[in-house]
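J.: Each chain, letter by letter, is given below.
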Amino acid sequence: MPELPIALPAHVPLSWYLILSVILFVVGAAGFLLRRNIITVFMCIELMLNAVNLTFIAFSHQLKQVDGHIYSFFVMVVAAAEAAVGLAIILTVFKNRSTLEVDEVSSMKL
Amino acid sequence: MNFFLLSLIKTGLVAFVLLTTLAYLQWIERKVLAHIQLRPGPYRVGPHGLLQPLADVVKLATKEGVIPGNANVFFFLFAPFFAVTLALTSISVIPFGPEIEVFGVKTNMELTGVNIGVLFILALSSLGVYGIAIGGWASNSKYSLMGGLRSSAQMISYELPMSLAIAAPLLLVNTLNFRDMVNAQSGYWLGVIPKWNVFAGPFPQFFSFLIFLIAAFAETNRVPFDLPEAESELVSGFHTEYSSLGFAAFFMAEYANMITVCSVATLLYLGGWQPLWPSSLGSDFVAPLIHFAAAGMLFYHAGQTVKSRTWDRFSFPAFGVIFLVVGALFLVPVLKPILIPLFWFVGKVGILLFIFIWIRGTLPRFRYDQLMRFAWTFLFPVAIVNLLITGLLVALQS
Amino acid sequence: MDALLFFLFAAIAVGCAINLVLQTHPISSALSLVGVMGSLAVLYLLLGGEFIAAVQLIVYAGAIMVLFIFVIMLLNAGAEKKPTRNILRAAVALPLLFTLLAIGAFLVASQTPSTDVVKFGSFLVGGHEIGRALFTTYLLPFEATSILILIAILGAIVLARKEI
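Protein chains in written order, with our numbering: chain L, 1 to 110; chain W, 111 to 508; chain X, 509 to 672.
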């Protein structure tokens with residue numbers, strides 16, 4: 001393995017992975033609060049779930065245990081179920097009200 | 111030897127061979143289709159149209175690339191690039207032969223050996239939907255959009271039976287690594303019947319192989335499942351608006367996917383580079399004999415040329431000599447351990463590719479609802495039942 | 509090499525995440541999210557999670573996000589309209605979020621020992637380990653998930669019927 005020209009640490013501390021996860025989570029949360037398109041809001045939730053998965057995998061590596069991988073596996077399965085139902089709800093809402101703005105879907109009845 | 115240098119050499123070699131094969135696969139397809147339909151096929155450029163791929167490349171590269179008005183330019187250009195990148199990447203985990211030694215350097219005949227080869231291929235093929243869906247959407251044309259939508263639905267649907275079909279032979283070989291998989295399929299029952307997954311195990315994976323092939327037709331958007339690019343009802347689907355290199359990229363992606371899928375089928379079910387019968391019974395001589403037979407046929411026909419094909423008098427003997435030399439190479443003891451496994455692997459992949467082309471020349475296109483019903487109400491349950499039986503028998507055996 | 513790959517893909521992930529939030533068109537947002545997921549899969553590989561990286565690509569990028577794109581294309585949803593009254597919301601939310609980010613980063617950095625480095629190859633989780641854990645320790649949650657998925661399928665079918 002040739003030496004890299006720039007001075008970089010050969011390996012990254014675990015905390016950097018966690019900080020990356022914090023950044024992704026906060027960006028997702030920001031999108032969730034600021035965006036109005038219901039599909040984009042949904043995608044921001046997925047982004048937050050992904051950020052959490054990264055911490056699971058990172059801690060799993062730290063503790064040398066398989067459990068973190070299993071948790072994130074379950075998170076993915078639940079996210080798949082959530083996407084199926086959530087997108088079906090979005091389709092129904094769009095069919096009935098022809099809008100995707102979260103703020104306009106504010107009444108129980110049409 | 112330096113790891114980087116070795117990887118570079120292997121990558122260059124594989125890329126060169128792969129791209130040439132892609133170009134000539136199209137020539138072979140046109141020739142086979144033409145002969146099925148009793149016509150000569152490409153004939154003008156070079157002897158028997160052999161330089162046609164080159165002419166096609168020049169034609170496509172020099173055409174003007176039209177970007178339709180109101181199209182999303184970034185995604186319009188991104189989609190074919192993405193499709194072809196994924197299709198060419200997936201070949202990197204396919205092993206073509208056993209570990210070999212060239213000039214004292216030991217190396218595996220593959221670009222990279224990953225422990226999760228099968229999953230890697232599945233991941234890339236599931237990402238392949240994006241190229242088509244985005245291409246159809248970004249063209250801003252209703253036919254393209256419908257082609258893209260159909261292809262997303264079709265590829266998601268057929269991915270399920272495909273994954274379930276793949277899971278069954280994985281139970282037999284107990285690994286996700288392609289190389290270990292082929293090694294697990296070595297050996298022969300009673301000395302002659304190969305222990306490939308189609309034949310072997312507590313439950314022969316013949317049905318799984320058929321399901322995989324059918325799903326592979328749908329995944330690569332080939333006839334009879336080529337709904338996404340149906341010329342007659344959707345003008346030609348997701349690539350209607352593409353011309354020049356964008357069109358060529360989609361085309362290349364389709365053919366590269368075909369090669370990958372056939373290679374995976376060979377590795378999973380047909381024992382990779384394991385010969386059909388043991389080399390103690392003379393399977394090593396199949397390769398040279400086939401080449402010598404081809405050379406003989408060429409020499410025979412060189413003397414029989416009709417008057418309108420005067421060139422054949424020179425080109426046939428030339429190709430005959432090439433076949434003779436290649437056939438003789440298989441007999442050289444130094445090259446034998448490299449070429450014989452490669453011959454078996456390429457031969458099996460070639461037969462599967464021929465089946466792809468043959469079916470294209472034979473079957474009509476499915477209707478869209480038939481295609482979906484077939485996937486969900488027939489292929490999917492059959493794949494589950496096959497997986498259950500295999501799992502039960504493997505559990506009983508151990 | 510590890511560090512280089514980490515920085516490269518962490519930068520791609522953060523860039524794509526910010527792009528997700530800033531883009532007005534849902535398709536651009538969705539593809540940015542696919543970018544985040546792809547780079548996270550590479551980070552999982554760096555952390556030794558071969559199986560989970562492949563599953564991330566197959567399930568998240570290959571199935572869930574395709575479903576999103578499918579729905580967006582089906583609804584033919586255009587770009588989002590200009591925000592009218594969430595400037596106030598942004599003014600309140602963004603500083604709070606940055607505070608949260610700072611606190612989170614500070615806590616993480618102070619709690620985890622910086623001497624522990626992530627070494628590629630020191631811990632590898634392949635299919636065998638995951639399978640063994642799923643079918644022994646986590647058998648009950650695994651079976652419960654299958655029921656959850658069944659319910660989700662039923663729910664999606666009921667919602668997608670024409671009468672509602």
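Treat the hints as calculated values from the structure; they're not laboratory data. Among the hints, a few may not be true.
Claimed, not checked - Think about it this way: if two alpha-carbon atoms lie no more than 27 Å apart in a straight line, the pair counts; the simulated DSSO-like pairs of lysine-lysine are:
id	chain 1	residue 1	chain 2	residue 2
1	W	K446	W	K120
2	W	K216	W	K446
3	L	K95	X	K627
4	L	K95	W	K252
5	W	K169	W	K141
6	W	K173	W	K141
J.: List, from low to high, the hint numbers that the structure doesn't satisfy.
T.: The structure conflicts with hint 3 only, although it agrees with all the remaining ones.
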